[in-house]
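Undergrad: Fit chains W, E and B to the given chain X structure using the hints.
Residue numbers (the numbering used here), protein chains in the order written: chain X, 107 to 456; chain W, 107 to 456; chain E, 107 to 456; chain B, 107 to 456.
I should point out that these hints are in silico values taken from the structure, not numbers from a laboratory.
Just so you know, even glycine gets a beta-carbon here, dropped at the ideal spot from N, CA and C.
You may find that some hints are simply not true.
To be verified - Computed spacing ranges between beta-carbons, pair by pair:
#1 E:K273 with X:A262: 46 to 52 Å
#2 W:E420 with B:M236: 49 to 55 Å
#3 X:D404 with B:S128: 34 to 40 Å
Protein chains: 4
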Amino acid sequence: MIYFNCDYTEGAHPKIMEKLLSTNLEQTPGYGEDGYCSRAKELILQACDAPGAQVYFLVGGTQVNFTIIRSALRAHQGVISPVTGHINVHETGAVEATGHKILEVPCGVEGKLSAGQVEEIAAAHFAGSMPPIHMVQPKMVYISQPTENGAIYSKAELEALHAACQKWGLYLFADGARMGYGLSSREADFTLKDMARLCDAFTIGGTKCGALFGEAAVLTNPELQRDFGYAIKQNGGMLAKGRLLGLQFLTLFEDGLYTRICEEANRLAYEIADACKENGFTEYAPSPTNQQFFIFPDDILKKLEEKYHFSFWEKVDECRTAVRICTSWATTEENARALMEDIRAVGVKG
Amino acid sequence: MIYFNCDYTEGAHPKIMEKLLSTNLEQTPGYGEDGYCSRAKELILQACDAPGAQVYFLVGGTQVNFTIIRSALRAHQGVISPVTGHINVHETGAVEATGHKILEVPCGVEGKLSAGQVEEIAAAHFAGSMPPIHMVQPKMVYISQPTENGAIYSKAELEALHAACQKWGLYLFADGARMGYGLSSREADFTLKDMARLCDAFTIGGTKCGALFGEAAVLTNPELQRDFGYAIKQNGGMLAKGRLLGLQFLTLFEDGLYTRICEEANRLAYEIADACKENGFTEYAPSPTNQQFFIFPDDILKKLEEKYHFSFWEKVDECRTAVRICTSWATTEENARALMEDIRAVGVKG
Amino acid sequence: MIYFNCDYTEGAHPKIMEKLLSTNLEQTPGYGEDGYCSRAKELILQACDAPGAQVYFLVGGTQVNFTIIRSALRAHQGVISPVTGHINVHETGAVEATGHKILEVPCGVEGKLSAGQVEEIAAAHFAGSMPPIHMVQPKMVYISQPTENGAIYSKAELEALHAACQKWGLYLFADGARMGYGLSSREADFTLKDMARLCDAFTIGGTKCGALFGEAAVLTNPELQRDFGYAIKQNGGMLAKGRLLGLQFLTLFEDGLYTRICEEANRLAYEIADACKENGFTEYAPSPTNQQFFIFPDDILKKLEEKYHFSFWEKVDECRTAVRICTSWATTEENARALMEDIRAVGVKG
Amino acid sequence: MIYFNCDYTEGAHPKIMEKLLSTNLEQTPGYGEDGYCSRAKELILQACDAPGAQVYFLVGGTQVNFTIIRSALRAHQGVISPVTGHINVHETGAVEATGHKILEVPCGVEGKLSAGQVEEIAAAHFAGSMPPIHMVQPKMVYISQPTENGAIYSKAELEALHAACQKWGLYLFADGARMGYGLSSREADFTLKDMARLCDAFTIGGTKCGALFGEAAVLTNPELQRDFGYAIKQNGGMLAKGRLLGLQFLTLFEDGLYTRICEEANRLAYEIADACKENGFTEYAPSPTNQQFFIFPDDILKKLEEKYHFSFWEKVDECRTAVRICTSWATTEENARALMEDIRAVGVKG
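For reference, chain X alone in the conformation it holds in the complex (with noise of 0.2 Å):
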């Protein structure tokens, strides 16, 4: 079976194997306080062009997003999110297990939330006829860039938010869990410096693009930045031996490899793209990054999943079914011709 369900299947991109090995029997103090986390660190913060900016590497997606919303809002707080938002729907309420309500946004297809949607919220409750105390006071908006639609925002849009973030008072956080893939796509006009400049905070996702694991945090703003090592370590993010984050994070920054290997996977991802067009069959969303959403008749689907692996995404109707088909840096040239292959095989035109 050739798995195209997701993009964590695979270890690490071997750059980064190489230097965990090369370096596994150097001592070093624990908790993050090394010399490669250290590196790392200010590696992130040039790509961000942000130098007041703080970055903290976590080990997961679930653990960084609950944590940077717990450690900025308080009790009566809430975040605004897409209703499709991971947090919303993927991570099994762990930000109401912290105690916050998600104030919830109908979306489109892509995923995303526009400014409009923040105003209308943030005037309900500050300008609006209810005494506010009575309902959760929203404090944040969440993002993911890209969504898990795999759009973009791009830079307007990102300005936009910003904008009426600013306006009411609120936090603007992005979850880069595949920020690689949104920085690479090719319709991006945004860059990190852009996502630093305009996000309270922000992640820059390791474990989808081509680390074992772990997600750096960026936070631009000086009140998130107050105290978050406390809350990593409680929030249990804080890895023993953290210079196993620093050590990845250093490869993927030194020299560009982690848009690089993204950019590759988004390569792949569009020509799958094509093949299934070409081929008669319909997006479910339209996406530039390394997530591709199709919807394909059952039976046919039934025949490439004897030797694919994909994500059911959505039943669409009694006979079509909306998949997510994904790439990643380890993706090899070979399983994406052959998937394209029966993708023609089974192909509706040609």
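TA: Showing chains W, E and B alone in chain X's frame:
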């Protein structure tokens, strides 16, 4: 100004005040361990015909809701609620503050949840294509009887909800902050016995139905009874002078006062509603209880509000607003008549 | 049976009952937005001579404690408390249930915390040899005035605690569930003005000092005032008929009733204590307030308990037990005399 | 500098690195649903001789502790722990942050809890003179095996704790962050089978015993197994590339590597301890495992610290300090010999 904005603008029914006064200097044990509480619990159990149930008295509505929910659920479990449910919109995220997600479900203007909706959510979780552990596990269904918009569930609807909950291992919890107005509605086909038979937990509201304050929690499911006393204390719901709650519910339940005074409030509400309809004003949501929802042109509303307080409900369009007109056990015939007169005076018909 | 076990066995002072009765059918806005609450807050602020402070009314003692603590602390912060502090032993872990560790400190029989102890804990954390982020950060100091064992902090002690808290950036919070008995103690050298000047937050208890229920929270530190209304609502402390709290505190504070009735209770307590001492019974803890703690041989205690209820405090040895004897604003001269008589009758002297 | 300060200064045992490398580009399902995890779990269950138990892999120690505790307890329940227990002092209040009080119990320098202490607390709560609902209900006992001070519980002590827990309905949970060093101690009379037989839950630490990271949770009590997968995900302990945990534990358990490498670390620790004792330095706490605790005059310590890192433990008096000297699976004979030489050189004897 005359208040029709809510059902908690006065103190308590005179019989309750008398009872509190006549027992004021008696010495009793604290924390509800007194004879008045015992007697009040007995009366409620008799009214519910539920000898295996347990009755507990708490001070307020938000409190009793989150205490029951927190006590019933494990950390990864959530509660299904209609989107307009009181716990979802007007309790400042109290349920989430105890760690639990509210799985909100769209609902119509009546604010009701259907058995079909419950089935759908439960099936998607327990019998779906996604591994359930990444999502909050539904474990409880929250409804309000009557709803926030004044509607009531019929016995058949409650039975269907009960069946769906039994099928999927969910607790059914009914928030009865206005139970008295529901029980005495001209459209009610359910009794407290039905509530006790079909719900795992429900409340009988005192605050809005004649008491100074106080909500009775009736827990019929033994699982929910276990250690509930600890939960009351931990969540701040245990009154030192617990007898104040016992004395009030005793008064309300010893000769049918509870439903008698609510029935009278409903009668006045129906008359006001008729006056609205007869004079050309549109119903916003149909209600067979003490809360009535009508849409007024803004200029007419402004005029009425020189003399009366209503609750703002929604801006319907540019020039019309929906308001809640609320009667209560304390509404006088005189005030209700005055309002009807004035509605006739501003009315668009005859 | 005559109850001396606690100070909440009766209802409310007759003047309070009168006030509630005479205003019972008035219509007012809910949730404490009424004129009685405003007036009561003014009176309390005047008594505190603290124009920048804010007063809030909550229903109960456990509730007001955890609401203030939760609202003040971030997730990684804890509250220092003497080991016998009410929050540490008799509130069912309510503070921990909101996510915060109580950093318990050993204390003597008086239940007091010293400035030196606070300094020691703070220095160990902020200036110690261990990296602080692995430990809970102390951020608040909790004391009770009077303590659970009836003792009071002198003005000098409060000033020292205040200085230690200022030095280390800690909030000082005083639980005044029995504040009235403290203020009117013959040994008190502090006033409400001192409390307001030296504490960031403190409470003025109604429940045990003449009211049916209700605690006034006085927040002098603007940081703690911010959004406190949300906290009250979220934690179930907001009474729909909020005026009930205003009316009670208004009555207690408009002509000095609060301390006058507590002073009388103290007087009776001192007389009972004298009777105990004169008749050979040993003091368990010295107390200048309404709670007295004495050790009785078990056979004598058994005899007294045929007629009186006391609170069990501790088994001192095989054949002796410490009990709490409590007077209150409601204790009658007659009952106090009867008890003294009986103590004399069983006494070992005279 | 040579690090003897803790047992997590290096990466992983070379066999683990080999395993990770050789499987790096294999495709497997995520979240621990792969064959390596299954096989590792089987091996652990075999070692425990506990077919009804379930094994789960989490990333870190703080995380696995609070996840087990939170998942096991209801909101009003607490966990008994020796005052020096890791959860009580070095996890930033993670347990309280999930809502649960730690009922701390005094303990000696070994950091052990006795069955008698458990009995006393349970009896005071469940069979005491105070109504229990005002206090946190004890429901779990937390111990560490070995303790934070290197001591181990004997089989008899574990059996006594087990009996006390059974008697009072408490769960027994053993934190085995350094389990390997305990199992291979020259004083150990217990095995993994005993742990599985006597505990409801325990962990087998990877991080400090040869792995890069990872803790295995062994839940023998079916009540604790229920829905534990949700708890792992919600609390951030579910690794996307879960096989990394499986691969490591597989390597540690397939041919006894786990205890073999820990035994060697113990051997070097004993030799270092002997060198300390023979040269006149006082033991701070007796330890039969890889952590040794010795008291050094400050001037001598300063000299040693020019070359070696130790962990500060306690200031014993004006001029002496207790430190922890830690060996691990990675400690080289060469470094250990060097330290012993230097201890001899500064020693006060011979």
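Undergrad: Does each hint fit the structure? Answer for all of them.
TA: To see whether the hints hold, each was checked on the structure:
1. E:K273 with X:A262: 46 to 52 Å: For E:K273 and X:A262 the Cβ distance comes to about 50 Å; the hint holds.
2. W:E420 with B:M236: 49 to 55 Å: holds, 51 Å
3. X:D404 with B:S128: 34 to 40 Å: holds, 38 Å
Hint check: no violations occur; every hint is consistent with the structure.
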